[in-house]
Every structure is written in C-alpha cells, then in structure tokens.
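Put together the whole structure using the sequences plus the hints.
If you count the sequence shown from 1, position 305 lands on 305 in the UniProt record's numbering, and the numbers rise without skipping.
If you're looking for bench data, these hints aren't it; they were derived computationally from the structure.
Possibly wrong hints are sitting among the right ones.
Unchecked claim - Per label pair, the in silico range of CB-to-CB distance: (1) GLN43 / THR311: 44 to 54 Å; (2) PRO290 / ILE164: 16 to 26 Å; (3) MET170 / ARG91: 17 to 27 Å; (4) ASP95 / SER232: 40 to 50 Å; (5) ASN276 / GLN43: 17 to 27 Å; (6) ARG216 / MET170: 18 to 28 Å; (7) ARG91 / GLU37: 23 to 33 Å; (8) PRO290 / ASP174: 39 to 49 Å.
In this text the structure is predicted, and so the values were computed from the model without any measurement.
Every residue, glycine too, gets a C-beta built ideally from N, C-alpha and C.
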Amino acid sequence: MQTKQIKPSTLEIIKEITRVIKYKFKDIPKYNGDFEEWFHSIQEIELTLKNHLPTIIADYLPLRKDVWKLAVKEMYGKMPFSKEYVLKNYRKITDEIPYLFYPSKRPERLIILFTGYINYESYNRFSWYFDETEKWDSDTAYLFLGDQSLHWYVGTQSNPQMNIYKKIIMNTLDTLNLSPDKAYSIGASMGGYAAILFATICGLKGAISVHPQLCRKSSERYHLDNWKRKFSECGSNFIDLEDIILKYPYTPSIYLEVGRHPADEAGLEEFIKSINSKNSLFILKRIDTPQHETKNPSKNFIEDTIKFFETQ
Numbered sequence: 001m002q003t004k005q006i007k008p009s010t011l012e013i014i015k016e017i018t019r020v021i022k023y024k025f026k027d028i029p030k031y032n033g034d035f036e037e038w039f040h041s042i043q044e045i046e047l048t049l050k051n052h053l054p055t056i057i058a059d060y061l062p063l064r065k066d067v068w069k070l071a072v073k074e075m076y077g078k079m080p081f082s083k084e085y086v087l088k089n090y091r092k093i094t095d096e097i098p099y100l101f102y103p104s105k106r107p108e109r110l111i112i113l114f115t116g117y118i119n120y121e122s123y124n125r126f127s128w129y130f131d132e133t134e135k136w137d138s139d140t141a142y143l144f145l146g147d148q149s150l151h152w153y154v155g156t157q158s159n160p161q162m163n164i165y166k167k168i169i170m171n172t173l174d175t176l177n178l179s180p181d182k183a184y185s186i187g188a189s190m191g192g193y194a195a196i197l198f199a200t201i202c203g204l205k206g207a208i209s210v211h212p213q214l215c216r217k218s219s220e221r222y223h224l225d226n227w228k229r230k231f232s233e234c235g236s237n238f239i240d241l242e243d244i245i246l247k248y249p250y251t252p253s254i255y256l257e258v259g260r261h262p263a264d265e266a267g268l269e270e271f272i273k274s275i276n277s278k279n280s281l282f283i284l285k286r287i288d289t290p291q292h293e294t295k296n297p298s299k300n301f302i303e304d305t306i307k308f309f310e311t312q
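Here it is, written out as structure tokens:
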C-alpha cells in the first residue's frame with residue numbers, strides 16, 4: 001500500500017526554501033527594503049533552486065509573492081508589507097465591525113485613518129505605516145477604519161453604527177492610555193466626512209479632510225444612483241457637518257480641502273459659517289479641479305499638518 005505524503009505547512013515550505021537559499025545561493029542580494037528588487041533576484045534562480053529542494057517542497061514552486069514575503073521575514077527579520085499578512089495579524093473586530101490597529105511601544109499620539117467609498121475590505125494608507133521590523137518603536141499608533149456597507153460610518157435606520165465606531169476609537173485611546181486631544185483623524189470623500197464627524201463627537205485634537213460630503217444634498221450632485229440610494233439608507237443617522245459643528249460645544253482643528261466638483265462644493269458656505277461661529281483653528285484650501293477623485297493628502301503633508309496642530 002502506497003504511503004500518503006503529508007502536505008507540508010507554509011512555514012515548513014518557507015524554512016526549507018530559506019535554508020537552501022542561505023547555503024546554496026549565497027550571492028543573492030540581501031533584502032534592502034525594496035521587495036520587488038529582491039523578488040526579481042529570486043525569480044532568476046527559481047528554476048535552479050527547485051533542483052536543490054525535496055520534491056514535496058519543490059512542487060510548490062513558483063510561490064506567490066505573499067509567501068516570498070514570509071521568506072524575507074524568515075531570512076532577514078523584516079516583513080515586507082502584505083495585505084494578506086496584515087489582515088491576518090493586525091485585524092480586530094468590535095460588534096461585527098472589522099478594523100486594523102498598528103500599536104506603539106511608547107505612544108504619544110493616535111492617527112485614525114478612515115477609508116473612502118470602497119465596498120471591500122481595504123484600509124486607507126495602511127501600507128504607508130506598516131513597520132517591517134514589527135517592533136513598533138514609533139511614538140505614533142495607527143487605527144484604520146473602513147465602512148464596507150457604504151453608509152458613511154453612521155449605519156442605517158435599522159442598524160445604526162456611529163456609536164460603534166466611536167466606541168472603537170475611544171477604546172483604542174484607553175488601550176494606549178491617551179486622551180482624545182492626542183488623536184487625529186484623516187480621510188477623503190466618505191472618509192473625509194467621517195474624519196470631521198468623529199473628530200468632533202470624540203473630542204479629537206484635529207481632522208484632515210479632503211473632498212468630503214459636507215451635507216446630504218451633495219449626493220444629488222454626484223448623479224450616481226448608488227450614492228443616492230446609500231445616502232437614503234442612512235436616514236436620519238447622516239447629519240450635515242455644519243449641524244454637527246453647531247451641535248457640539250467642542251470643535252477640533254480642521255484642515256479642509258475642497259475641489260470644484262459641484263458635489264464637493266455643496267454645503268461649503270454653510271459649513272464655513274458654522275465654523276466661523278466657533279473659536280477654533282480652521283484651514284481651507286480650494287483646489288482647481290473638477291474631479292472628485294484625489295490622491296491627497298500625502299504622507300509628508302499629514303505629518304506636517306499634525307505637527308502644526310500639536311503647536312496650537
């Protein structure tokens with residue numbers, strides 16, 4: 001009777017492959033932070049590498065990039081950014097809401113990044129702030145929130161969710177032993193709405209918001225049926241940001257960037273008036289673009305703006 005071979009685990013495959021690379025392919029360039037460059041050197045020796053491996057391991061070549069990234073971690077103690085790896089190791093869930101959290105050993109601030117209008121699990125700029133060493137020695141912790149239901153982080157009439165997101169934020173601050181005035185929110189489009197909303201209701205120090213939906217009527221100006229339907233499903237949970245500013249006694253420092261798309265301009269004058277009635281820092285930047293899509297804010301801009309907010 002033929003003996004059935006036991007399928008090796010991913011870890012066993014990685015350990016055997018990295019062992020062979022270390023002893024048989026010593027000229028392979030070390031990983032220097034550029035995974036694509038390192039991966040290219042691996043591709044050049046992959047066929048030869050296969051000949052040095054046990055058949056049960058060799059049969060798994062070529063490996064997926066995410067598996068080769070695990071090999072980098074095994075060989076060099078650094079984990080190149082991998083969405084698959086991050087979701088497995090840094091994903092948390094509160095009341096059925098998934099999110100990501102990058103910790104800090106010596107936290108002085110929390111940066112909260114809200115994802116825009118995306119109906120699958122991905123997080124705003126989470127590749128930027130991943131620590132390849134996973135030592136998390138930075139003085140900044142990061143919380144990544146997304147709303148795959150596309151209800152502007154407030155939920156629907158039958159399933160309100162604003163307080164769940166608020167709880168996630170406040171619990172994260174408690175975990176870090178930080179007060180709300182040590183936290184900053186960032187987002188664009190739907191995430192931009194959330195950045196101002198939660199900075200206000202949670203008492204955060206500041207918000208960076210790009211092309212947000214400032215009010216309900218902005219949905220009508222997108223001329224997209226899906227947007228209108230999702231806004232409608234929010235019901236009374238969606239509150240115009242001018243009303244949020246007027247309702248709460250505390251107003252965070254706000255950087256607001258707005259283009260020339262009619263939907264982005266909707267409610268801008270009313271929002272400015274509400275801010276003008278408060279004693280707070282408000283920076284408005286108008287962008288000469290008719291497009292709603294944007295790559296802003298950049299990483300450097302986020303860091304510089306938060307440094308400025310911290311001086312206020």
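Does the Cβ pair ARG91, GLU37 satisfy 23 to 33 Å? Between ARG91 and GLU37, where Cβ atoms are some 29 Å apart, the hint holds.
Given the hint of 40 to 50 Å, check if ASP95 and SER232 actually sit that far apart at their C-beta atoms. Cβ of ASP95 to Cβ of SER232: about 24 Å, so the range 40 to 50 Å is violated.
Holds or violated: 44 to 54 Å for the Cβ distance of GLN43 and THR311? holds, 49 Å
Range first: 18 to 28 Å. Now tell me if the beta carbons of ARG216 and MET170 are that far apart. holds, 27 Å
Within 16 to 26 Å or not, the Cβ separation of PRO290 and ILE164? Hint violated: Cβ distance 36 Å, outside 16 to 26 Å.
Given a hint of 17 to 27 Å, does the C-beta separation of ASN276 and GLN43 actually sit inside it? Roughly 59 Å apart at Cβ, these two residues miss the hinted range, so it is violated.
Please test the hint of 17 to 27 Å on the beta carbon pair from MET170 and ARG91. holds, 19 Å
Is the distance from the Cβ of PRO290 to the Cβ of ASP174 consistent with 39 to 49 Å? holds, 43 Å
Hint compliance for this structure: hints 2, 4, 5 are broken, all remaining hints hold.
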